[in-house]
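From first to last, the protein sequence lines stand for chains A and B.
Residues in the first sequence are numbered consecutively from 1, following the numbering used here.
Residues in the second sequence are numbered consecutively from 1, following the numbering used here.
Rather than coming from a laboratory, the hints here were simulated on the basis of the structure.
Careful, some of the hints might be misleading.
Unchecked claim - Derived BS3-like pairs: lysine-lysine, alpha-carbon spacing no greater than 27 Å straight-line: (1) A:K73 x B:K85; (2) A:K172 x A:K219; (3) A:K25 x A:K11; (4) A:K134 x A:K208; (5) A:K216 x A:K172; (6) A:K208 x A:K172; (7) A:K41 x B:K155; (8) B:K155 x A:K11; (9) A:K149 x A:K208.
To be verified - Derived list of chain B stretches under chain A, where covered just means 3 residues or more per stretch with a C-beta under 8 Å from a C-beta of chain A: (10) 48 to 55; (11) 58 to 65; (12) 80 to 92; (13) 145 to 153; (14) 192 to 200.
Unchecked claim - Interface residues of chain A toward chain B, partial, derived using beta-carbon atoms under 7 Å: (15) W40; (16) A47; (17) W54; (18) I63; (19) R65; (20) A66; (21) A69; (22) T138.
A virtual CB, placed ideally from N, CA and C, is assigned to each residue, including glycine.
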Amino acid sequence: MSTSRCRRFEKAVSRGEEAVAALEKHAAECANCRESLRLWKEIPEAAPSLAKSWQSPHLFPGIARALAAERAKARDASPARRRRFAWVPAAAAAALFVLSMVGLYVFKPGESARDPLARPSFGKEPLLGDETLKEVETAETNYLSSIEKLSVLAGPRMANPDSAILVGYREKLQLLDSAIGDLRGQLEGNRFNTHLRKELLAMYQEKKRTLEDVVKEVKS
Amino acid sequence: MHVGESLEDRSRDHFFAKEGVLSESDPPGDAQDEEARLLEGCRAGDVSAFERLYELHGSRMKSVAANLLGNVADAEDAVQESFLKIYRGAAAFRGAARLSTWIYRVLVNTCYDLLRRRRRRPLEVDSEAASRREPELAAPVSDHPLRLSLEVCVKDLDPRRRAAFVLFDVEGFTHREVGDMLGVPEGTSRALLFEARRDLQRLLARRGVVSGSRA
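Next comes chain A alone, as it looks inside the complex:
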């Protein structure tokens, strides 16, 4: 029988609510789909009869007892818990203080940044900031300017040194120039490197001091 094999209801149910609703017309002619559709509509009609009702006189008193026990447990537990974990805020505050101090020590632009020669070090150091770099470059310019003036004064004698001490000074100045050249070469690709800047300033300082000594020697 064609009606008993009709699968339209199954197909409609797989497609969704609208497809089932659209089946009404077909169901008028198909007994199988009519029956399926009738059962489909009866499900929500029958559903409210599944609501259950029964007396449970001990349920709320049980709930009240459980709530009281829960409250008592929370009350008893809290002072002990508070005592047990009383050190936590103090420890957290101490840890925060230590971390802040370490942070300040590491990141504060301190003496070494303003005057890199004050505490020369050769370990790993943070990069210079823009402002600090400007200060360092100004210091270098000042040294260069002084060095230039001193070189003019010492120049003729250093070209033809007539004593062993002047020969020594000339060799030292040549070494310093060579080191300064190397450092400037390295700094071209790494302008913010604190260690190289310190080294360069130290070289300038040393060259300035040497030239001052040369000038003194020439005058004497």
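Chain A is already provided as a structure; the job is to place chain B on it using the hints.
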């Protein structure tokens, strides 16, 4: 117990009159005020607030749990556990949903937990359930020839579809409320309900149930 009995009766009266009060998505001002008072009471751990909550929703919670879990003993356990969870969670409840919706959400999740536990320890739970006396159910408010067959088939539904069917078709909540209770959008609640009805239709047909008859 006198208090318990009077509460049961009041809760039962409220249960029968549920359509008039609880099915509305936006409660009237008085109901909102009462919910706010109840929430404050629950946060403070005030037993009378829980008593009122039980009076308003106890019967319906038991019915939902019984249909989700399949037996009344587990349903009572679920309701009791839900009240403890409501007490523990009231302080954190920020009122994104109505209190009455939230407590059913807590209940549904508690039922899911019990179902999961039961799946993990089926033998233990079965023996435990068998040792407990099943309370006598009151006659259904409105009987239907399909009721018994439907009751059997509902137990075979997927838990989420079963929850949508129980909350919407059996208990008469709106899709908005069901969505809030199941933690899904309203559209998903509609889809779950449709799937539940489709599965029930197939299960009933497989049992040879025809419309207007018993199996």
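request  = Please write out, lowest number first, the hints stated earlier that are contradicted by the structure.
outcome  = Violated: hints 19, 21 and 22.
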